[in-house]
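J.: Take these sequences, add in the hints, and give me the full structure.
Each chain is listed here by its residues.
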Amino acid sequence: MTSYEMEEDLPEAPIATTPSDVNHTASWRTFRPVIDLKICTKCNVCWKFCPDDAVAFDGEGYPVIRLDYCKGCAICAEECRPKAITMVKEE
Amino acid sequence: MIEIRFHGRGGQGAVIASELLAQAAFLEGKHPQSFPFFGVERRGAPVTAFTRIDDAPIQIRTSITSPDIVVVLDAGLMRTINVTAGLKPEGLLLVNSEKAPDQVETPFKGRVATIDATNIALAHGLGSKAMPIVNTAVLGGLARASGIVSLDSVRKAVERFVPAKQQANVLAVEDAYQHVVNLAVVR
Amino acid sequence: MVELVISGNYAQSYAAKLARVQVVSAYPITPQTAIVEKIAEFVASGVLPAEYIKVESEHSALQACISASALGARTYTATSSQGLLLMHELLHWAAGARTPVVMGVVNRAVAPPWSIWTDHTDTIAQRDTGWIQFYGESNQEVLDTTLMAFRLAEHPEVRLPAMVTEDAFYLSHTVEPVDIPSQEEVDAFLPPRERSSTIQVGVGMRLGSFTGPEHYMEFRHKIARAMGRARDVFLEVEDDYARLTGRNHGGLLPTYKVEDADTVLVTMGTATTTARGVVDAMRADGHKVGLAKLRTFRPFPVQELRELATLVDRVGVLDRSFTFGAAGAAFTEVAGALYTAPQRPLLRDFVAGLGGRDITAATVREAFLDLLTRDGPESAWVELKSRTEAS
Amino acid sequence: MARLTIPAEELMRPGHSACPGCGATLVMRYLLKGLGNQTIVTVPACCWTVIATPFPTTALDVPMLDCAFEATGASISGLRAAADKLGLKDVTIVGFAGDGGTVDIGLQALSGMLERRTDGIYLMYDNEAYMNTGVQRSGATPEGAWTTTTPVDALSHGKVEPKKDIMAIVAAHRPAYAATVNVAFPEDFVKKVQKAKAIRGPRFFHALAPCPPGWRYSSEKTIEIGRLATDTNIFPLYEIEDGVYRISRKLGIAKPVREYLQTQGRFAHLDDKQVAGIQAEVDARWKRLLALEGLA
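Quick note, the sequences are listed as chains C, D, A and U, same order. This note's numbering numbers the first residue of the first sequence as 1 and each following residue consecutively. This note's numbering numbers the first residue of the second sequence as 1 and each following residue consecutively. This note's numbering numbers the first residue of the third sequence as 1 and each following residue consecutively. This note's numbering numbers the first residue of the fourth sequence as 1 and each following residue consecutively.
Treat the hints as calculated values from the structure; they're not laboratory data. Here the structure is a predicted model, which means the values were calculated and not measured. Using N, Cα and C, we set each Cβ at its ideal position, and we do this for glycine too. One or more hints might be untrue.
[Said to hold, decoys possible] Computed cross-link-like contacts, PhoX-like style, restricted to lysine-lysine with a CA-CA straight-line distance of at most 25 Å:
| hint | chain 1 | residue 1 | chain 2 | residue 2 |
| --- | --- | --- | --- | --- |
| 1 | C | Lys48 | U | Lys250 |
| 2 | U | Lys195 | C | Lys42 |
| 3 | D | Lys129 | D | Lys99 |
| 4 | C | Lys48 | U | Lys195 |
| 5 | D | Lys88 | C | Lys89 |
[What the hints assert, rightly or not] Label pairs and their calculated CB-CB ranges:
| hint | chain 1 | residue 1 | chain 2 | residue 2 | range |
| --- | --- | --- | --- | --- | --- |
| 6 | U | Glu293 | C | Thr86 | 41 to 47 Å |
| 7 | C | Gly59 | U | Arg200 | 51 to 57 Å |
| 8 | U | Arg216 | C | Thr86 | 21 to 27 Å |
| 9 | D | Ala85 | C | Ser3 | 16 to 22 Å |
| 10 | U | Gly294 | A | Ala44 | 41 to 47 Å |
T.: As structure tokens, this is what we get:
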């Protein structure tokens with residue numbers, strides 16, 4: 001990411017252009033979701049309701065938690081109908 | 001003058017911890033000052049708070065960059081934030097962690113103490129599993145590890161100024177104080 | 001080039017039209033209304049293909065201009081007194097967002113009591129907002145300066161909003177001959193706005209943002225530097241304009257008969273015209289007096305004032321506003337400029353003409369004579385109706 | 001994988017600064033899924049001012065223009081006028097403001113924008129209090145709710161006044177389109193946004209945005225609570241198109257409001273009388289909505 005140390009590094013107007021993806025919010029969570037792919041039906045409800053865009057899909061269409069971004073809110077675990085997601089405490 | 005810097009995450013009570021410490025010091029006739037650094041105050045986001053304690057009125061109004069004591073309410077923060085930046089070599093690092101002091105990964109070479117405030121808080125029903133409120137337990141540990149305020153002053157401050165669950169918080173303070181804070185000499 | 005006898009308000013409207021403004025957003029307020037009515041006629045007749053956003057308040061008027069300017073459009077608005085005060089939040093915003101909005105302000109006293117007549121309190125109260133500020137002396141100067149304001153505000157070295165003021169009624173509703181440059185001349189002088197740093201559709205970017213202590217100060221310093229550069233860029237712009245129209249209004253601090261003067265009055269706005277006559281008359285009586293006009297209040301002409309200070313012994317400042325608990329704002333700023341000057345003439349403040357009270361030849365003469373004869377109080381209210389000494 | 005029921009395109013980035021379980025992020029996410037990337041968002045002071053992350057990062061893949069707290073409506077009009085003048089075709093201008101920023105400080109600018117028929121969308125995300133400043137009461141806070149400025153104590157039992165009915169105020173301006181949307185019903189949300197995108201003229205959305213810290217519930221319940229808000233008729237889903245009301249979701253029998261109220265700490269103090277009062281108010285409003293729909 002471009003570093004904005006000195007005045008000369010800054011744009012003339014306060015314009016931000018770096019995508020927020022560089023901010024990892026993993027440290028915000030106390031619990032992280034773990035998906036049991038044997039139970040998961042690939043219904044993508046977890047993807048649909050994630051406020052942090054922290055659910056991606058693998059080649060076979062299974063959901064994958066993007067742990068750099070998950071804040072551990074547990075909406076996915078709550079909304080997963082087959083209950084394939086459990087919240088595990090971070091060490 | 002003693003300068004203490006608290007590191008926590010939104011919802012863990014870091015700011016209230018810094019205030020309670022100030023109240024406790026005041027009860028002992030000291031001159032306290034406590035203030036938060038407001039960045040993105042969001043549940044879970046990193047929060048910094050500061051307390052100064054002196055025998056005379058405090059004549060400085062800046063953030064604390066070379067603290068005598070650093071208190072870390074959430075060890076997870078140490079992976080992303082340099083919590084011991086500027087900590088005086090002869091200072092104290094107190095970390096809320098189940099680990100023993102010498103297991104704590106930190107570049108700081110001085111005294112390290114640990115207190116398992118999370119489990120103490122949960123044992124006393126303070127906060128939720130997702131967001132335990134560890135501030136009063138940490139203060140109990142701080143009183144024992146640093147000696148800058150007495151257990152009794154912390155107890156009184158907590159009783160009078162904690163917004164809720166006064167009794168449970170006082171028990172957490174005593175619990176943390178009794179459960180020997182592992183104090184390692186310079187590593 | 002065509003010469004018309006028009007009001008100061010219409011001078012502003014013609015300038016906006018010639019500048020091919022694209023978005024106008026304004027709310028009516030006496031005595032500015034004719035500006036926006038004329039612009040509405042230009043738009044309705046198709047002479048000015050602009051979007052005219054009829055907003056529900058001045059606060060919204062300036063926000064609409066800022067947002068339009070942020071996307072790249074050339075924008076114009078106009079207001080006065082209470083309306084300008086309501087805009088105050090957005091004045092800071094426009095400078096912070098570096099949107100080169102141009103605004104006409106008809107100087108009018110602020111309420112209460114209500115007064116629709118002129119004084120400079122409204123625009124003086126905006127001197128800290130990062131806007132370039134011009135005070136006009138004639139309808140011609142207002143038209144010319146408004147055109148220059150677009151070029152200066154949009155200049156890549158500047159990129160700051162600019163306001164051009166005119167005294168209520170003395171200019172806004174006073175018709176006098178004005179030479180109106182042709183569209184071709186203005187097009188040669190003022191090309192369409194260059195859209196480099198504005199919002200790009202389809203691109204993830206945020207204009208405004210928020211910062212902690214680690215960046216904010218540097219962003220503000222950029223505005224300070226830009227305002228500093230605006231000084232010299234303006235002189236270039238005025239030279240360019242003079243080459244096209246033959247008119248040069250004398251830069252930031254135009255002077256009158258100061259070369260051999262020992263006493264000078266610093267004036268703002270239409271009081272200057274009357275003061276010229278007084279200088280001529282007093283010169284005839286043997287007094288070596290002159291004038292210096294604060295044409296730009298931001299950037300403040302410090303350099304020019306210091307040069308003036310090397311020529312004269314006594315400087316009076318004719319303030320048409322007053323900062324309570326201190327002195328006239330122009331006085332305090334002139335004093336600040338001269339504090340570290342090699343020569344520091346005696347400096348006095350004369351507050352006059354608040355709420356549209358005439359600054360007559362007699363008013364000016366009284367100020368001059370007081371300046372010439374007495375050291376007197378630092379700040380004096382001229383022709384105040386009071387039984388006690390007014391300072 | 002099952003077919004996605006809402007567009008796959010993500011125009012809101014991860015790494016934003018919202019609280020865990022924040023409803024307002026889902027509002028932005030679904031809005032942009034519906035509008036696509038030829039969109040400019042203007043945002044006043046509100047949670048999203050901070051959620052969008054500090055300089056030098058930005059959380060949207062479309063341009064975002066910060067504007068003054070009071071002036072979202074004017075910012076929309078300014079952007080639209082400029083877009084038209086600059087020949088930017090098919091660009092959707094959308095104002096994205098909080099509840100306080102809309103029903104209180106920003107109401108005048110909203111009214112102006114609607115009255116002058118600005119071709120743009122104003123979306124109010126409603127977390128029912130001033131959340132960015134720490135849960136102070138706004139005009140959109142529901143009757144009875146605790147906030148830091150409507151405490152629960154001897155002389156105060158939460159907010160006294162009823163929630164300001166912004167949809168009625170907006171409807172009085174005869175917008176081209178207005179609708180309520182709820183993050184618990186993303187398909188309905190996106191469908192309405194896509195519909196609004198194709199309509200010219202002033203359009204308005206009232207989006208429910210449940211807020212864990214502000215409403216005092218545990219973050220995983222955001223969607224369940226959103227669902228209950230609609231299924232108890234506290235937050236009915238409906239559209240107003242050229243004055244014609246159409247309810248988007250009608251259950252056979254609505255759930256009792258108690259089921260919704262009991263999920264949130266901000267209502268924990270309500271006694272049976274207060275709950276009954278809210279039930280009666282909700283029933284009356286629902287009957288009125290049915291009547292308005294019947295006028296078509």
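J.: Tell me the hint numbers this structure goes against, listed in increasing order.
T.: 2, 5, 7
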